[in-house]
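A.B. asks: Protein sequence lines, in the order shown, are assigned to chains V and R.
Quick note on the UniProt record's numbering: the first sequence kicks off at 1 and runs consecutively.
Quick note on the UniProt record's numbering: the second sequence kicks off at 1 and runs consecutively.
Simulated from the structure, these hints should not be mistaken for laboratory data.
Fair warning: there could be bad hints in the mix.
Unchecked claim - In silico lysine to aspartate or glutamate, DMTMM-like type, Cα no more than 25 Å apart, as pairs: (1) Lys52/V to Glu128/R; (2) Lys94/R to Glu76/V; (3) Lys43/R to Glu138/V; (4) Lys62/V to Asp90/R; (5) Lys62/V to Asp145/R; (6) Lys52/V to Glu106/R; (7) Lys192/R to Glu120/R; (8) Lys53/V to Glu129/R; (9) Lys26/V to Glu138/R; (10) Lys65/R to Glu148/V; (11) Lys52/V to Glu138/R; (12) Lys104/V to Glu106/R; (13) Lys55/R to Asp100/V; (14) Lys102/R to Glu76/V; (15) Lys40/V to Asp145/R.
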Amino acid sequence: MAGELVLLDFWPSMFGMRTKMALAEKGVSYEYIETDPWTKTPLLIEMNPIHKKIPVLIHKGKPICESLIQLEYIDEVWSDTYPILPSDPYQKAQARFWADFIDKKLYDPAWKIWGTKGEDQVAAKKELIEHFKTLETELGDKTYYGGEVFGFLDIALMGYYSWFKAMEKFGEFSFETEFPKLTEWTKRCLERESVVKALADSDKIIEYAYALRKKFGAE
Amino acid sequence: MAEKEGKIKLLGCWASPFSRRVEMALKLKGIPYEYLEEALPNKSPLLLELNPIHKKVPVLVHNDKILPESHLILEYIDQTWSNNPILPQDPYEKAMARFWAKFIDEQILTVGFRSLVKAEKGREVAIEEAREKFAFLEKEVTGKDFFGGKTIGFVDMVAGSIIPFCLARLWEGMIIDVIPEDEFPELNRWIKNLKDIDCVRECIPHREKQIEHMMKVSERYKLA
Chain V
1 MAGELVLLDF WPSMFGMRTK MALAEKGVSY EYIETDPWTK TPLLIEMNPI
51 HKKIPVLIHK GKPICESLIQ LEYIDEVWSD TYPILPSDPY QKAQARFWAD
101 FIDKKLYDPA WKIWGTKGED QVAAKKELIE HFKTLETELG DKTYYGGEVF
151 GFLDIALMGY YSWFKAMEKF GEFSFETEFP KLTEWTKRCL ERESVVKALA
201 DSDKIIEYAY ALRKKFGAE
Chain R
1 MAEKEGKIKL LGCWASPFSR RVEMALKLKG IPYEYLEEAL PNKSPLLLEL
51 NPIHKKVPVL VHNDKILPES HLILEYIDQT WSNNPILPQD PYEKAMARFW
101 AKFIDEQILT VGFRSLVKAE KGREVAIEEA REKFAFLEKE VTGKDFFGGK
151 TIGFVDMVAG SIIPFCLARL WEGMIIDVIP EDEFPELNRW IKNLKDIDCV
201 RECIPHREKQ IEHMMKVSER YKLA
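All chains, please: the whole structure from these sequences, using the hints.
C.D. replies: Structure follows, in structure tokens:
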């Protein structure tokens with residue numbers, strides 16, 4: 001294909017949004033190819049034969065899968081501009097730890113909040129709120145997770161931002177009431193063009209979540 | 001310049017592939033450390049203090065720095081002590097190493113242990129599904145001495161702690177052969193190569209003890 005950098009992504013994917021943010025922070029241009037992961041296109045299967053999932057970043061024909069791995073790759077290749085990860089090995093490890101926590105702990109209950117009903121949904125909401133509280137404690141009074149500088153962990157969590165309204169709607173809670181500090185942090189992140197441009201419209205996400213609920217029999 | 005000096009403590013478990021791989025890295029780099037054995041499944045107050053979020057081994061303590069999660073520990077060790085590098089320098093090769101490590105600890109562990117033990121669709125089906133995933137690793141190591149190339153690296157430590165000396169012991173206990181030599185000649189060749197490496201050999205748990213341990217763990221997992 002033409003172009004040195006290509007991103008296979010699906011518009012509602014919180015993972016793809018992370019990669020888009022990172023590329024924008026670095027001021028790197030790329031070709032975007034909308035790829036529905038439910039219909040596995042030949043290109044997707046060729047570039048991600050193991051998982052057949054998006055996002056896939058293709059650089060000079062070579063695929064890089066998994067959004068957090070993509071963020072690190074982007075930071076290492078375009079290292080002369082805006083660093084995403086700290087250079088200190090311990091601080092780097094801490095950023096990676098919390099990003100891994102987000103993916104291990106948030107994804108499943110978040111999915112269950114819009115994908116299930118009844119007891120399962122109630123349990124998912126409880127778990128989700130508990131994990132967001134942990135993340136809020138970790139943020140503390142810092143401007144960003146990286147301290148004074150927007151970085152890896154901010155991107156990792158802001159990737160989920162478009163889905164927050166859907167979580168509130170289906171989970172019947174208010175992000176701002178439950179997590180005031182996190183809410184302030186999201187506002188700071190939303191001042192960045194890289195973030196705003198990468199995010200999907202929250203109302204469109206709610207529509208999409210409704211469609212998923214019907215598909216999985218929760219509606 | 002990262003701080004290399006100071007005391008290293010490793011909180012681990014003899015049977016845990018996750019803590020064994022950290023020991024492989026420390027031994028490869030010649031880093032002295034104090035080892036603290038955690039008597040799992042009971043979790044000591046120290047473990048709960050050092051890793052309150054996940055409450056798991058391994059945890060590395062380097063001076064006042066506390067590091068849980070084996071992948072993070074391996075990367076930290078590699079960035080702090082630059083001799084005998086574990087991760088490739090090239091960003092793409094590094095990304096691939098991270099990708100394979102994640103694949104192994106998530107997918108391979110699921111098909112090699114969890115799905116096999118539960119065998120909801122029957123054991124033969126579980127074995128076939130496991131072999132489909134192992135085929136990706138077979139392809140990746142074809143023509144190479146190690147996943148890292150000529151010398152062992154990050155993926156060898158991740159795969160090498162889990163596959164031959166952990167999952168394979170479970171399979172021995174279950175009297176099954178998930179990666180027979182005729183179907184997986186490259187993986188089996190890689191396992192033989194691993195056994196020649198000092199830092200790996202020193203971290204192989206006692207065979208009978210490990211088989212007994214894996215059978216106990218699988219019983220607990222089945223009932224869970």
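A.B. asks: Each hint needs a verdict: does it hold in this structure or not?
C.D. replies: Right, here's what the structure says about each hint:
{"no.": "1", "hint": "Lys52/V to Glu128/R", "result": "holds, 20 Å"}
{"no.": "2", "hint": "Lys94/R to Glu76/V", "result": "holds, 10 Å"}
{"no.": "3", "hint": "Lys43/R to Glu138/V", "result": "holds, 24 Å"}
{"no.": "4", "hint": "Lys62/V to Asp90/R", "result": "holds, 13 Å"}
{"no.": "5", "hint": "Lys62/V to Asp145/R", "result": "holds, 23 Å"}
{"no.": "6", "hint": "Lys52/V to Glu106/R", "result": "holds, 16 Å"}
{"no.": "7", "hint": "Lys192/R to Glu120/R", "result": "violated, 33 Å"}
{"no.": "8", "hint": "Lys53/V to Glu129/R", "result": "holds, 19 Å"}
{"no.": "9", "hint": "Lys26/V to Glu138/R", "result": "violated, 36 Å"}
{"no.": "10", "hint": "Lys65/R to Glu148/V", "result": "holds, 21 Å"}
{"no.": "11", "hint": "Lys52/V to Glu138/R", "result": "holds, 19 Å"}
{"no.": "12", "hint": "Lys104/V to Glu106/R", "result": "holds, 11 Å"}
{"no.": "13", "hint": "Lys55/R to Asp100/V", "result": "holds, 15 Å"}
{"no.": "14", "hint": "Lys102/R to Glu76/V", "result": "holds, 19 Å"}
{"no.": "15", "hint": "Lys40/V to Asp145/R", "result": "violated, 34 Å"}
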